[in-house]
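Visitor: Protein chains in written order, with numbering that gives the first Met the number 0: chain A, 0 to 359; chain B, 0 to 347.
A few of these clues could be false.
What the hints assert, rightly or not - Here are the simulated EDC-like pairs of lysine to aspartate or glutamate, each with C-alpha atoms no more than 20 Å apart in a straight line: (1) B:53 - A:25; (2) B:53 - A:248; (3) B:27 - B:326; (4) A:247 - B:310; (5) A:247 - B:158; (6) B:53 - A:251.
I should point out that these hints are in silico values taken from the structure, not numbers from a laboratory.
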Amino acid sequence: MENEIAQVKATAAPEGSDRRLRRLRDRLGPLLRQVVLLPLVLISRAIDPVMRLIQAKAGTGGMIAVFLIPNMAIFGIFVIIPIILNFVYSFTGGAEILLDQRAWVGGQQYERLTDCQNYLDPLSCREDLFWRAAHNTFFFVLFQVSLMVSVSMITALILNRNMAGRGFFRAVFFFPVLLSPVVVGLIWRWILQREGLLNLIVTNFGAERVVWLNDRFYAFAAAIGVSTWAHMGFFTLILLAGLQAIPKDLYEAAEMDATPPARVFWRITLPLLGPNLAVVLVLALIRGVQIFDEAYVLTGGGPGTATMFMTQYIYEVGFASLLRNPGLAAAASILMGAVLVVLTLMQLGLSRRAEKARER
Amino acid sequence: MGSITLKDIRKSFGGVHVIHGVDLTIEKGELVVFVGPSGCGKSTLLRLIAGLDKPSSGAIEIDGRDVTRAGAADRGLAMVFQSYALYPHMTVRQNLSFGLENTRMPRSEIAARVADAARMLEIEELLERRPTQLSGGQRQRVAIGRAIVRDPTAFLLDEPLSNLDAELRGTMRAELSALHDRLATTMIYVTHDQVEAMTLADRIVVLRKGRVEQVDTPLNLYNRPANRFVAGFIGAPNMNFFPAVAEGGQAALPGGVQVAVAASGPVSFGIRPQHLRLAAPGEAGIPARVTLVEALGAETVLHARSDGDTDVLVVLEGQPELQRGQELALAFDVEHLHAFDAQGQRID
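Work out the full structure, taking the sequences as your base and the hints as a guide.
Guide: Here you go:
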């Protein structure tokens, strides 16, 4: 009986102002929606007869093409045509920008790029800067990708545990991904420069100040560290998703079997994470080869050419240097593009295999 | 080897009490079934015994040794999961030997044990396949095989047959029963299916809302349920209940049938659908009107409504000719009547 009274009271309470407000909202809501949608409605009414006319002419199959045209046009203008132009430029010489003023030189630019006595020694090459950039990029990718994959793996494993503030830490590790690469470069330059934050801390502890970005080793390490810091959140996220897709009862079965934690990691977690790990590895490789903005803002390629990477070389040869040579830059882009195509094909193949494995 | 004792086990998850003090002794070699509706805590109780969860209070003993704080690995138990939990990237052989490799057992011994288990479960041809290449029933066998090779103190089975179709479930049930006879190892089996419980168990533990309602052999549960919940849960179709008021050691059922009962005040009477029959002419019975007739051939399930709007189920042998809307009287033998007091406890 008491319960019933309480229930009656509970339903009676909103009877007053609350209910009137709700009624008002229920009436105003649809009205507001109509006002907001009015332009859209008008536009679609105006388009409708035109589209009907086109459909009558083109048929259902043709309509597919009609709807694809806007996207294909943008894709063509900003991707396909530039690639073709770039390819054509790579066979021309001179400093002129417009294609009709440029001389056809055939494969000369490629010959110049590959003219080397010893590919392992950039100084023996005619275009030594290209080979310096290639070497730097190779070592950058080697160390940065190894660091990236292991750090994001460890972070993902930690974030996958039931710990306090898990959501907070997931956000913290992901935030750098949201920053613009230029901002990343600037932040770390303020930290690492001569009068920067790090030196302030170092000197406070009585140690000698280090000019981090003017030292070949430290500058290269900084480029690796900063780009890892900036991108690891993204890779951690992929690995975390993979970890969470592993059924919990597999771990419980392993626990019942008295499996040591290290064996659980090597025999269960790692093999089941394989597809995700492969995707992370190849994506990190692709991004590593493309390294430019944050490293350029951080070190400007220096000291000397210690942190000059391939994209920076192309940028400087093509646009930024006094002796600009668009044809040479285009040829270098094509060579770098070939490496990226191989890596992308690997990535596609791996993700397709992962998809198949999931379907099974 | 293989006796398990639970002493006042309680478990709560963040303030929600799931198990409210369970005391239970499972004898060596016994097959005990935990049964109850979903959310009754049967799987939680099994996980507490397994060591995958730790009780909030109380103690667990295996063969007299207190293992309450011991990890799952140190209890010598093997578990068969509802989802089978087979390692998808390993072959059946690797799945079976994985647990043994942790114990640094010699390779020859592992191979021998895997071969034995595979022969016993008839999965020898499947040893080089992966779990994804197996049918549900085959996966189930592998999951059981993975438990068998460990030669555990006791087997814990968490709804092992619930992912199989009805026919296969029947077959596997019989095989599990035979397996238990052969191994003579303690088994704890969790299910929500009372038919599985009745057919497999040496003893059944009926759970509801984290409490043990009754522990007994299947037939004792059926014949002498300790309370209304057990009476309603065990047996299919469900038992019929009639409310009544007892006065001076007598209570009246609908239709005026007088029954002796050692109580006074509100009581309820239960009778199984199989124990009701059509009253012979002149015989006293519960008057009811037929609402549905389900003729199954060997038997006929009658849905009826008695006076006082109580729904009644009757299972009649054979194929009696009955129509919807027909008025009839339902008779029964008094020894089949179960009486329960206002709290639902059995009155003898």
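Visitor: Decide if the proposed pair is consistent with the structure: residue 247 (chain A) and residue 158 (chain B), CA atoms, cutoff 20 Å inclusive.
Guide: holds (17 Å)
Visitor: Can the restraint linking residue 27 (chain B) and residue 326 (chain B) be considered satisfied, given a maximum Cα separation of 20 Å?
Guide: violated (54 Å)
Visitor: Does residue 251 (chain A) lie within 20 Å of residue 53 (chain B) when you go C-alpha to C-alpha?
Guide: holds (14 Å)
Visitor: Given the hint that residue 247 (chain A) pairs with residue 310 (chain B), does the C-alpha gap stay at or below 20 Å?
Guide: violated (44 Å)
Visitor: Below or equal to 20 Å on CA atoms is what counts here, so check residue 53 (chain B) against residue 248 (chain A).
Guide: holds (16 Å)
Visitor: Run the distance test for residue 53 (chain B) versus residue 25 (chain A): straight-line Cα separation, threshold 20 Å.
Guide: violated (51 Å)
Violated hints for the displayed structure, listed by number in ascending order: 1, 3, 4.
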